[in-house]
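Enquirer: Work out the full structure: start from the sequences and follow the hints.
Chain by chain, the residues:
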Amino acid sequence: MAVTTVDVTKPHVLIVEGREEELFFGAFSQHLGLKDLQVLPIGGKEQLRRNLRALTLSPRFTEVISLGVVRDANANPGAAFQSVHDALQAANLPAPERPLLPAGDSPRVTVMILPEEGRPGMLEDLCLRAVATDPAMLCVEQYLQCLQQQGLSLPHNLSKAKVQAFLASRPEAGKRLGEAAQAGYWPWDDKAFAQVKKLLQQINSGG
Amino acid sequence: MYQSFEMRNFRCFRELTLADLERVNLIAGVNNVGKTALLEALFLHCGAYNPALTLRVNAFRGVESLKIELGRWAETPWDSLFSGFDTSKKVELIGENDTTGRRILRLKVVRQPEELAKIGQFIQHSSGGPEGVLLSSETALVLELEYQEDERRGRYHMILDTKEPRTEPIPPPPPFPAFFLAARVRIPLAEDAARFGKLEVIEQQDVLLRALQVIEPRLRRLAVVVTGGVPTLHGDIGLGRLVPLPLLGEGMARLASLVLAVGNAPNGVVLVDEVENGMHHSILPKMWRAIGEVARQFHTQVFATTHSLECIVAAHKAFTESGVYDFRLHRLDRVKETIRAVTYDQETLAAAIETGLEVR
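Just so you know, the protein sequences line up as chains A and B, in that order. Just so we're aligned: 165 in the numbering used here is position 129 of the first sequence, and the numbers increase by one with no gaps anywhere. Just so we're aligned: 131 in the numbering used here is position 110 of the second sequence, and the numbers increase by one with no gaps anywhere.
Any given hint might turn out to be false.
[To be verified] Taking lysine-lysine and the DSS-like style, the derived pairs with C-alpha atoms no more than 30 Å apart in a straight line are:
| hint | chain 1 | residue 1 | chain 2 | residue 2 |
| --- | --- | --- | --- | --- |
| 1 | B | Lys338 | A | Lys81 |
| 2 | B | Lys357 | A | Lys71 |
| 3 | A | Lys234 | A | Lys81 |
Bear in mind the hints are in silico, worked out from the structure with no lab data behind them.
Expert: Listed below in structure tokens is the structure:
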């Protein structure tokens, strides 16, 4: 019976879906020097409601000062925000009125829907915007055009395919989005990441 | 069965409320957070009217000797029961039980001369004896247990003086049986044998056999054999002779004591400190299945403590698979100067285990 546990160890917590997001936001917060921010993966949107409740019961959760929740918008950013809002309420946590507007004091809660407010998409779209001017992206687009010209159907999730193709151009190919973040392949200072950067700093400072 | 339990000023607890209690309750928490103390408080509450149980709970911790110093300011054997050793405040234990209702117990060390004199008069009156009973802080240590059940109230006094320790008046038996299995003190062999005998009387001895076969599938039969004057449970594992149960392993002996306690406490309570002691982790789900089945069969409520995540995961798995999730995990957390209880139901415990969140 393999049993490992994740403990709440820091006063500022960012909740993300899975391992890739954990690595991505962990690398970003490390880049920003945010030492009091802990990134916790607690599962996808289907489990968010019950997993948030479980998180609030964790030892030392009462010591959490600020809490951020990051979720992909996918096709419907409004529905994505609403599901987070409802999950927060079900867990007796402060539920913000809209994305990026903090609510409550104990803890102070902020929600961000990716890639940005009001737009469908996911973390991959945000990363692609950050590298839009990278010369490799021209090759990525050409690669996808080539597939079409060959009569091959494109992948269902084009954003994920583009990220993989882009990362294949880096010195160490084969990394996934989160691992790429750890390797420093995403340009943290690009304006595409400005809102995420602001969110991380805001949570780390308690607001 | 207890639905909720509250206490004030007991051991390390200024105040604690434990709600949403189930048939089987597992208490987790870091060292020195009060897991054993919670079991002790429940044990005293189960005893209902008997202040002498206060000395038993110290014995469970290995404090067997009783040193009595008389005098108004002398330390009493009960001081450690009071939060911060402050005997100026009463210990209060409140339980909601579906068969016996709400019962409040209050414990206080009686030191004031006027109160001691009153108690002396009360004892003389209730015993009808011709001699006056003189109690003073110089001659006796007195613990008062006051109970309140709906409209009924009463007081019993544990008296330590130059005579034998005694309780006045003699308390009635508790409303239901309760057993305490301490972490470090093994149940005497004769006691386990006697409990097995009681199961035999009601033809329920196979309950223990089935539970122990979980650990030792070769076990065919159990019997009580008197060896060296001590009745001892023996098992037949096909060696052509019976083997004393303790020789079959620590886990066997521990599970036997546990199941015998549960089976001998119908409609009562069994309290187990560090339930995983002596058990290999691979046995734990089966141990919990056995405990759940016997507890259901005898309508016994179980409170157990653990430090082990494997034990918690095993309990969750066993009760989920049983189809009857009559189990709760309660963790004691120290928050600043207070201790609070956090309770996981099936959904939140499943979520915490699946996401790897700490629950201990």
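Enquirer: Mind checking the alpha carbons of Lys357(B) and Lys71(A) for me, to see if they're no more than 30 Å apart?
Expert: Roughly 24 Å between the alpha carbons, so the hint for Lys357(B) and Lys71(A) holds.
Enquirer: Is Lys234(A) within 30 Å of Lys81(A), Cα to Cα?
Expert: holds (24 Å)
Enquirer: For the pair supplied as a hint, Lys338(B) and Lys81(A), confirm whether the alpha-carbon distance does not exceed 30 Å.
Expert: The given pair, whose Cα atoms are some 24 Å apart, holds under the 30 Å limit.
The earlier numbered hints are all upheld by this structure, with none contradicted.
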